[in-house]
Amino acid sequence: MIIKGGIVYDPANGIFGEEMDICIENGRIAEDAGGEVIDARGLLVMPGGVDAHSHIAGPKLNTGRIMRPDDSRMGTEPRTGVCRPSTGYTVPNCYAIGYRYARLGYTTAFEAATPIIEARHTHEELEEIPIVDKGALTLFGSNWTVMECVRENDMEKLAAYVAWGLRAARGYGVKIVNPGGGEAWGFGSNVKSIHDPVPHFDVTPAQIIRALAEVNERLRLPHSIHLHFNNLGRPGNYTTAIETLELLKDIKPSRMRQVVHVAHMQFSAYGGTGWKDFESKASVIADYFNQTDHATMDLGQIIFGPATTMTADAPLEYANARIGHQKWSNHDIELEESSGVVPWVYMRKMPVNAVQWAIGLELALLTKDPWKVVMTTDHPNGGPFVNYPEIIALLMSREKREEEMKTLHEVVRSRSTLPSIEREIDWSEIVIMTRAAPARILGLEDKGHLGIGADADISIYNIRPDEIDPSKDHAKVKAGMSRAKYTIKGGAVVVRDGEIVAAPQGRTYWVDAAVPERDMDRMLSSLKEKFERYYSIRMSNYMVQDAYLSNPFVVRAGVQPLKEVI
Amino acid sequence: MRLQIEDVLCTFCGCLCDDIRVEVDGGRIEKVRGACRLGSSKIMGHSRIKSPMIRVNGELREASYEEAYRKAAEILVSAKHPLLYGWASTTCEALKKGILLAEEIGGVVDTTATVCHGPSIIGIEEKGLVGSTLGQIKNRADLIVFWGCNPSEAHPRHTLRYSSNASGRFIPEGRKDRKVLVIDVRETRTARNADRFLRIQPGTDYEMISALRMIIGGKAESLPEDVAGVSRKELVEIAEMMRSAKFGAIFFGLGLTHSRGRYKNVDNALSLVSELNSHTKFVIMAMRGHYNVTGAGQVLAWSSGYPMAVDYARGAPYYNPGETSCCDLLSRRDVDAAMIIASDPASNLPRGCVEALAEMPVIQIDPFENPTTFFADVVIPSAIAGIEAEGTAYRMDGLSLRLRKLVDTEYPSDVEILQAILDNVRRLRDDN
Amino acid sequence: MRTITIKLPQYHGVPVEAERISPDVLSGLSIKEISEIEVWQGNRRLRLSDIFLISGDPDPDRPENTRIVLEGDLSKVKRIGESMSAGVVEIIGDAGMHAGNSMRGGTLEIKGDAGDWLGREMRGGRIIVEGNAGNYAGAGYRGERCGMRGGEIIIKGNAGAFLGEHLCGGTIEVMGDAGDFPGCANQGGTIRIHGHAHLPGAEMVKGSITAGSARVLPSFAYEDIVELGGLTYKKYVGDLVENGKGELYVASGQIGK
Ligand code: SF4
Ligand SMILES: [Zn+2]
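Residue numbers (my numbering), protein chains in the order written: chain A, 1 to 566; chain B, 1 to 432; chain C, 1 to 257.
Next up, chain A with everything else stripped away, as it sits in the complex:
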């Protein structure tokens, strides 16, 4: 296949809007090729979108669906010759997730939080999501074995457990959510700072984070630790964010990437002492990112309208349910985590929501290096991912931001710096924030760019970058980005003129990390005891079986060998 005459953006390879052809052979970008010709003359061409933080599969998704038939009835589409039926807006069914990502031009999406013991369920749902490649991050932050290793300061054992846990979950990376808090919530309490000891375990969140970060590098995992801060969602939490990032400054990354990826930064960039004097601290956070190089973030931008909040930060969901007088689901997971799900509505005239909206945009606009920023809504916490084109338009147009601000509560002007920000993101930066950066941050070498040998995941939009001015034509930008002219996944056309034309099964990425056998044996013998005494299922029934990954893609990693093989 050859894509002819497109205006190509491939910033990872130094291509910033050049007219060129792209050849595809055997699902990869090639030097040359024959076969089908796609006429993309003058159209915007870029790598397929990569979502590095989204909630798309697993128990909390189904919890959301089951408690929200009111949401499921939105966005209903009957089956077609190619597609199975779609339902839902904030909690779409599995099929809708795949089709809607593909229609946006996205070809990869990672689920951001899975407890090991419930990973089988996550994979069952991932298997049902069509088209996109996917993976799931594994939760380690309130895990008994992790905390015990940290307390014993036994990093070899911890590395063995993390490697085993990733294998058991068929997981892709280390996710840490409100570390320690998930355990404390087991008796209804929480940790209040990173130095607040976890009840019964005698370790602090700071120790857990630091140890997992060290082990993550010891295992040379493709992705860094992926961290949801303590105190997330609470006024004044920006200090916790910076304090936590400072903890990790001196850790050396084992690969060409960050040491920590911060999940949905927006929810942790809050000033004020309460909801009354709530304000944005995005500029302080952005300054920190501008001055350091060890961290990256995704936005967690909010979108006005309905959302469904779902997180392993169970105490936060309890607070949400109380504040919003909403339905509340909670799910504590033995020895590993806790979690919650609460429906939400973000309202324009609500002062806190207006400021939250500004914070996401401020973070993207004030952080100078786009490689440090991934565009997300923390779907569906900040709102559903189908709204990404809205965010793109906002980032590219100050005029649109001004128009929007007129419809919001006026505090958006006094409690954020957004009104004074002139920067308008260009196409290259958009491609970085939605493709190149998330792929690099996740360590997906064949994604997020169009170099020879890369996966032939490509999106083509009905947008003529040489003819439109995104600053003025933001409505066209939004409309164009909402329905890809073509989405090509692994060399196959899956979307044509905004409609799904094929729905192949994507891959599931997971990381198999090797550790010395003696560490593994030592770890397993103490783990066995946990199964005998505390888990409610048998160890032999715990691990996700191969049957649950029909199209696996295994990334190898492991403890650094003594001599690097070059």
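Among these hints, one or two may not hold up.
To be verified - Some but not every residue of chain A turned toward chain C, in silico, with C-beta under 10 Å:
no. : residue
1   : MET67
2   : ARG68
3   : PRO69
4   : ASP70
5   : SER72
6   : ARG73
7   : GLU77
8   : LYS327
9   : PRO343
Stated by the list, open to error - According to the in silico footprint, chain A covers these stretches of chain B (three or more CB under 8 Å from chain A):
no. : stretch
10  : 2-13
11  : 124-131
12  : 138-150
13  : 398-408
Hint data in this document are derived by calculation from the structure and do not stem from the laboratory. All figures in this text were calculated on a predicted structure; none of them were measured in a lab. Glycine included, C-beta positions come from ideal geometry on N, C-alpha and C.
Could you slot chains B and C with the ligands onto chain A? The hints should help.
Same frame as chain A, now just chains B and C with the ligands:
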């Protein structure tokens, strides 16, 4: 050769015990260890349907699988509103195929939840569910409440593995470290082993829960002296028992969901638990009956957005229990054919529904003969999931586990049967 | 006024979904076009005339000048008058489920009984039922926080369970008895039940419910005897489990306080 298989899953009740040992010899199950009486008899097996059958002139006659598949497909394709019912005692993989079939033929998929914890699900739609895995309860709960359920009879190993009699990290002494409260309309065996038993009048659960919510909310003095036959004093003591627990867990059963008040009883109980969390830690869980009724709800939810009673007649899922649920469809004669899989509606549904079923074409897929067989028009025997076929099941707390294949069989699995029917449906469609 | 008559000859079989039978859709169409509108019978897409006999004034008119008369036993025909905003729909016989759901204006008259979810999520207009209504009259959809928000439903017979569940506005009047839990989780609106009510107003926070007699929840506080329209009522406030300020008036409470 005698083979000992460890950590086998029991495919009977929602406890989904995964620590059973099975001895297999010459392709037959010889011994089951570690299961309760109910589980053992399920695993040991009983009278199987020997061959596919098709009803001709009022009598079931043996037929080939191919003939049965074709006949089943004909029934489904000619129906204007077929019902695909059961699913709680088979694998998730079977239901996945079933949903695909329902999409293709424009049918309704409903599970046996509709006659057990359907009301609980509707309650959850109102309030959400504050829950946990069973291991969390095992390790932490110092108060166990059984409300309208009787695990001693229906979930025999529940108390030992997960609840009142289990020991765990923060409950090292097991039963000694826990209090057990039973609330029911009669003194069950579970009630006799409790620390406290509150007997209530039938149909007054809702009022009891409202009263408890009042007390927990600090409004005891606004209550009448007597609430539906229970004194305020006693209710205050019960509420105090709940509030003073470090970790409380309520398990509820059909006594709550099928007495007067139905889903509102559950709805109210969910609020009670939610509010208890302002004072201490509390969770609540439905005592699910069939081993994979939870999984059936999960598969339907991720496929359609809804956990039961999904109508695909118009191509997109439509959900409205009370309208699209099995009993309502049958009693109103709103469906005109039925496929029953791994279930026995003839024994479990109200009489009016069974009569309706008897009048319409019925396809049965099941390893075992049961009263539904007597009026089925096509009978397709299948392999027993978890013994002769592998697949996935979800325990009552939502944990998924993999069922193993223990012995070989000649029978096709439910997945294979449904695929064959689907193939026949497509062929019939192409012919037209 | 333009009259369109739609007759249903004897009907047995799976339910028909006919959400397009509404003045908003039919008023502007010719009789031939009306005959061709889509209805569903289970999984079969049909034309209206495949099941119904259609006659009436030929010339299109505005919805507010349109009267649709349905004759026959329509208890298996669902969603008649869905989202209608003006005009009249008259059902000479029983109506199936979801009649007048999401209605915004106009009048729906049902001479017989109405099925479940009558006037579900209604926002305006008027529904009059000569016979009984099923469950969930004036209620919402599963999981939604609001049922009916405006308009009026009058049921001359009895109502089923969950009458006006999640009512947020509007008025419902029942001449006979109501089933279990009328007005549960109400956030506004008015329900008047002339007969008996079982546990009215559970979890209500606002609005008012009047009942001829009732079993009252223990979480309602008795306030006083009040006079309404020449009759005396016991006034309760609740539901206190939700710190509710809903008003419940009972002519003769069975559980007194
Ligand atoms: S308790 Fe249930 S799952 Fe466990 S052995 Fe008995 S029947 Fe089987
Ligand atoms: Zn997230």
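Hints, one by one, checked against the model:
1. With a least beta-carbon distance of about 7 Å to chain C, the hint placing A/MET67 at the interface is held under the 10 Å criterion.
2. Given hint, A/ARG68 at the interface with chain C, holds; its Cβ is 6 Å from that chain's nearest Cβ, closer than 10 Å.
3. Because the beta carbon of A/PRO69 sits about 4 Å from the nearest beta carbon in chain C, less than 10 Å, this interface hint is met.
4. Interface restraint check: A/ASP70 against chain C, minimum CB-CB distance 4 Å, threshold 10 Å, status holds.
5. With 10 Å as the threshold, the beta carbon of A/SER72 comes within range of chain C, its nearest partner Cβ sitting at about 8 Å, so the hint holds.
6. The beta carbon of A/ARG73 comes within 7 Å of a beta carbon in chain C, closer than 10 Å, and the hint placing it at the interface holds.
7. Using the Cβ-Cβ criterion of 10 Å, the hint placing A/GLU77 at the interface with chain C is not satisfied: the shortest such distance is roughly 17 Å.
8. Taking 10 Å as the C-beta contact cut-off toward chain C, the hint placing A/LYS327 at the interface holds, the least distance being around 8 Å.
9. Among the interface hints, the one on A/PRO343 holds; its C-beta lies about 9 Å from the nearest C-beta in chain C, closer than the 10 Å criterion.
10. Counting residues of the stretch 2-13 of chain B whose beta carbon lies closer than 8 Å to any beta carbon of chain A gives 3, which reaches the threshold of three, so the coverage claim holds.
11. For the stretch 124-131 of chain B, the proposed coverage by chain A is satisfied: 8 residues have a C-beta within less than 8 Å of a C-beta in that chain, meeting the threshold of three.
12. With 3 residues having a beta carbon nearer than 8 Å to a beta carbon of chain A, the stretch 138-150 of chain B meets the requirement of three or more and the stated coverage holds.
13. Using a Cβ-Cβ cut-off of 8 Å, 5 residues of the stretch 398-408 of chain B lie near chain A, which meets the minimum of three, so the contact claim holds.
The structure is inconsistent with hint 7 alone, although it conforms to all the rest.
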